[in-house]
Amino acid sequence: MNPLITGLLAGTAFGFLLQKGRVIRYDKQIGALLLKDMTIVKFMFTAILTGMVGVYLLSDLGMVALRIKPAVLGANIIGGLIFGMGWGVLGYCPGTSLGALGEGRWDAIWGILGMIGGAALFAETYPMLKSNILTWGRLESITIPEALGVNHWLVIVVIVAGAILLFRWLEKIGR
Amino acid sequence: MKPSSDQGWSPYLAGALSGVVIILSAWLTGNYFGASTTFARTAGVFESFILPDHFAGLEYFKIVAPIVDWQVVFVMGILFGALLSAVTSNSFQLQAIPDLWAKRFGPSRLKRGLAAFGGGVITMYGARLAGGCPSGHGLGGAMQMGISGYTALICFFIGGIVVAQTLYRGRANS
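Protein chains in written order, with the numbering used here: chain G, 1301 to 1475; chain W, 205 to 378.
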C-alpha cells in the first residue's frame, strides 16, 4: 500500500486515541512533570507494553523487522535533558503539539513554529556536533537484552511486571 | 474503561489501543512512530525557499532531506485524528492559554506565545541532538527495548520535571 496513505491512517488513529486519552493537553503534560497527574505516563507505558509484546512476538515469527536507533549515550543524555527543559516550558511534545492544535489549543502553533526553528538551529550547528557529542558513548549493543546477554522475553516479563506495579501504585495514591 | 464525552477514555485503554496501532504499523508498513524528523524536514522546506543558497550548503539537510515521507503524513494525521475525536465528542475548544498556565502566569497571550516559541526551539534542538522525541525514542525505542530509547526517555522526564517544578514551585496546587 502507498506509504502516504498508511502513514495518514496510522497518524489519524493515533491522534484520535491521543485525544480520547486526554493526553495532549498542556495541563496533562505539565501535570505529569509536576508529578500530580500521571495520565500521560499511564497512556505511554500501556502503549509501550502492548507494542513490545506484539512487536517481539511478530519479530520471533519473522513477520516484522525491528528498527532500533543506535545508542549514543552522550547525545541521548544531553539531547534528552535539553528536550526535557524545553518541554517543561512548552508543555507539548513534537507529536502532541499537532494533536493539541487539532483539539483547538492553538497556543500550540507558537510551539510548532519554535520547534521548526529549533530544527533549523540544529542544522546550523550539526557540522560542529557530528564529530564530538554525536559520537560520545556509542555502544556496541543497542537493546537491553543484548547488553545483558539474556533472552528478550525475560526482559519483557520484568518490564511488564514493573509497569504493572507502577500502575497499581499510581492508582493507589490517586495520581 | 468507560467512554464518556467530557472525561474521555481511560488512558490505559487509549494507550493499549495505540500499542495495537503501532504493532499494525510495524507489521504492515515497516514504520515505527516518530515525529521530530518531520520538523527537521519542514525546516528544510522553509529554508530552501527563504535562503536557497544557504540551504544548499547545509550538510544536515542532505541527510534529513525536505521530502514528504511516511512520518510527515503520520504527523499530519495526528492533527486530523485529534480534530476528528474532539469534534465528534464535543470536546473541541478554542483556547489560547492553557488553564494551568493562566493560573500561574496570567492571561497574557504574548507571554504564553513567547514562552511556547522559546520552549519549542529548545525542545526540538534537544530532540534532534538526542536522535528522537517521546514518539521515536519513547514509544518506538522503548517498545523495542532500545538502550537509546530508555536513556532518552528518562532524560526527557528529568529535564522536564526540573523545569516544571521550578516554574510552578509552591503554586501547583492553587
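Misleading hints may appear alongside valid ones.
Said to hold, decoys possible - For each label pair, taking beta carbons as the anchor points, the in silico distance ranges come out as:
| hint | chain 1 | residue 1 | chain 2 | residue 2 | range |
| --- | --- | --- | --- | --- | --- |
| 1 | W | ASP273 | G | TRP1453 | 14 to 20 Å |
| 2 | G | LEU1466 | W | HIS258 | 25 to 31 Å |
| 3 | G | PRO1303 | W | ARG373 | 42 to 48 Å |
| 4 | G | VAL1457 | W | ASN294 | 20 to 26 Å |
As the list claims (entries may be wrong) - Stretches of chain W that chain G covers, calculated by requiring three or more beta carbons in the stretch to come under 8 Å of a beta carbon on chain G:
| hint | region |
| --- | --- |
| 5 | 219-232 |
| 6 | 246-252 |
| 7 | 314-323 |
What the hints assert, rightly or not - Selected chain W positions facing chain G (in silico; Cβ < 7 Å):
| hint | residue |
| --- | --- |
| 8 | GLY212 |
| 9 | ASP257 |
| 10 | ILE271 |
| 11 | PHE309 |
| 12 | GLY335 |
| 13 | GLY345 |
| 14 | ALA346 |
Note that these hints are calculated values from the structure, not bench results.
In this text the structure is predicted, and so the values were computed from the model without any measurement.
C-beta atoms are modelled at their ideal positions from N, C-alpha and C, and glycine is treated no differently.
Do the hints match the structure? See the list:
no.	hint	verdict
1	ASP273/W / TRP1453/G: 14 to 20 Å	violated (33 Å)
2	LEU1466/G / HIS258/W: 25 to 31 Å	violated (47 Å)
3	PRO1303/G / ARG373/W: 42 to 48 Å	holds (46 Å)
4	VAL1457/G / ASN294/W: 20 to 26 Å	violated (41 Å)
5	219-232	holds (count 14)
6	246-252	holds (count 5)
7	314-323	holds (count 8)
8	GLY212	holds (4 Å)
9	ASP257	violated (14 Å)
10	ILE271	violated (11 Å)
11	PHE309	violated (11 Å)
12	GLY335	holds (5 Å)
13	GLY345	holds (6 Å)
14	ALA346	holds (5 Å)
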